[in-house]
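Visitor: These are the residues of each chain, in order.
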Amino acid sequence: MWGLLRQKVGAGSSSALSMQRIRPVVSALRNYSSAAKEMTVREALNSALDEEMSADPKVFLMGEEVGEYQGAYKISKGLLDKYGPERVLDTPITEAGFTGIGVGAAYYGLKPVIEFMTFNFSMQAIDHIINSAAKSNYMSAGQISVPIVFRGPNGAAAGVGAQHSQCYAAWYASCPGLKVLAPYSSEDSRGLLKAAIRDPDPVVFLENELLYGESFSVSAEALDSSFCLPIGKAKIEREGKDVTITAFSKMVGYALKAAEILEKEGISAEVINLRSIRPLDRSTINASVRKTNRLVTVEEGFPQHGVGAEICASVVEDSFGYLDAPVERITGADVPMPYAANLERMAVPQVEDIVRAAKRACYRAVPVAATA
Amino acid sequence: MSSSVVKLLITKEEGLEVFEDMYLGRAFEDMCAQMYYRGKMFGFVHLYNGQEAVSTGFIKFLKKEDCVVSTYRDHVHALSKGVPARAVMSELFGKTTGCCRGQGGSMHMFSKEHNLIGGFAFIGEGVPVATGAAFSAKYRREVLKEADADDVTLAFFGDGTCNNGQFFECLNMAALWKLPIVFVVENNLWAIGMSHLRATSDPEIWKKGPAFGMPGVHVDGMDVLKVREVAKEAISRARRGEGPTLVECETYRFRGHSLADPDELRDPAEKARYAARDPITALKKYLLENKLASEQELKAIEKKVDELVEDAVEFADASPHPARSQLLENVFADPKGFGIGPDGRYRCEDPKFTEGTAQV
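Each protein sequence line maps, in turn, to chains A and B. The letter at position 309 of the first sequence is residue 309 when you use UniProt numbering, and the numbering goes up by one with no holes. The letter at position 8 of the second sequence is residue 8 when you use UniProt numbering, and the numbering goes up by one with no holes.
Please keep in mind that the hints were generated in silico from the structure rather than gathered at the bench. Among these hints, one or two may not hold up.
Stated by the list, open to error - Now the stretches of chain B that chain A is said to cover, found in silico as 3 or more residues with beta-carbon under 8 Å:
# : stretch
1 : 127-137
2 : 141-151
3 : 213-221
4 : 307-319
Ideal Cβ positions, reconstructed from N, Cα and C, are used throughout, including at glycine.
Pulled out of the complex, with its shape left as it was, chain A reads as follows:
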């Protein structure tokens, strides 16, 4: 039954496939010109994988449909041809099995990249992510490090219902021994995935299905194969002075759109792209809040014990005296994801929610009834 369901979902990853039709993957990924260029997140992830596999023969990719099918979302396109079936391994549908196999291989110094078709399926393997991967360095007192990357699309997708639409950032970020990254742009995707693969510890790498087809301009520096971003550093995407908005993954784009709208109304918003959920760049967040004196956190995940809650706690601990308004948390609704499109839209943060919260934080009255 599960297999059947999965088959359907796999074949019907319609949003991914249809996005592909709109934005065909550029095939000549590796012929970079020296100037900045446009690149989709999909191309960025693909090129990062390609370059790291090329640089280090210990890196291999394992997961469902990563090889002959070229990836359920085509992130691994072309890699099987280039690196062969020994390094691009199509697995049976066995999350617990292949995730544990990846962990065992990492114990022996290989650098597996484990692809989850979506992070929702990582629930079937969470025992290995947490108990076998995250805890081993500690349990073995540093004898066994686990250089492994768990990656795949995370967060709300579109129209796929409760079991396929969930953000796991807060879940994994609450676990010692794990590093948790969430890229937004193409530059993030390249720099952070390369950093994750080179890192000696287990990294949970949360992509977003709806961003795969989005294009971003990428600097020449970021196109260089040596490019890498530091784990644990946030990026200030837009400077501002009136209110700080923190976000990660797709919500960074929403926060930037909100900032544009706010600007027209005379509010200057600073947007922080967290990039790294764990370690969390507390100093960048706190420095920003000390400047703006107001904070809005944005995430797609559930509200309780979420990423926003942790950021809020950090700001209360470190910058309490600087706050001029209560912290606003924008999160997904505290419900399993509904299917109906209108309900689904209400269950995830929208740009107007962020605008409204920022205005409240800046004491610009907004009608509360407008939320529905």
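Once you've looked at the hints, dock chain B against the given chain A.
Guide: Positioned in the frame of chain A, the structure of chain B alone reads:
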């Protein structure tokens, strides 16, 4: 037929080595029980008494580079693999001289040097990790072109695991990819209080091997000589690159599931039946009857091992507890970004403790 014509199953040297290892397993675990009741070790402690023929029978064929993956009943696998008794006992005492500096505990023995990589406390959890270790040997040979990478992995687990999905997932992938692994089932007939016969639709576990395209072998796990015969072939087969084997060792644990288990469900007659087949007594008998060892030689070994175990206890007892600073160490291989000092050590003091950025 005179005894001189009978083909002996073991040489004198091997016989003494096997006896010593089995006796060490038994004496060590008996000592653990004493120490547990004296409050020297704590939590869950699962003893291996009765199953020694499996650990010794398999692991003594391995080289140091070969890998062992165990369960929560892992002390004796560690000893057979060569982890010193002092290091295992100290780990159980929660001391800094333990094989994991007291951070692992009874159910999580690791020794990178001896290629013992856990110590997994959940049923079925170690099986994929072991399969991954075997995968790494194949990868090193075929992708990294290390011609001498012929290391074999032994995955030890019990009858309870054989009803768990990860077992099936890994039998499939190990056979599919011809991985150098031996799945060693220590079927001791009981998963805590759940009889194997009440838990599985077909109690003959070995039959699941052929279902996945690998040999399945059933062996008397109370007879170390028979276990060795099967182990030798399965390990050689893996080393030759011919793929995995599933071996079901029928055995019995002489104690409860753990030292906290009142063990009320197992029939005393069943216990007595297996006690009469004690694998150490059986080996002793074989060695003596076939003149492979004298009473004095075996006594000398027992004395030596008893002293070794005694020494391990004294060593563990005298060893220091982990320092306070150790609490936050070793969470990451690269702790950058987690408020770790330049020397790589976590700074542990109460303010900011929650974020690992506390100053000392």
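Visitor: So, for every hint listed, does it hold in this structure?
Guide: Verification of the supplied hints:
no., hint, result
1, 127-137, "holds (count 11)"
2, 141-151, "holds (count 3)"
3, 213-221, "violated (count 0)"
4, 307-319, "violated (count 0)"
Hints 3, 4, counting from the list given before, are not met by this structure.
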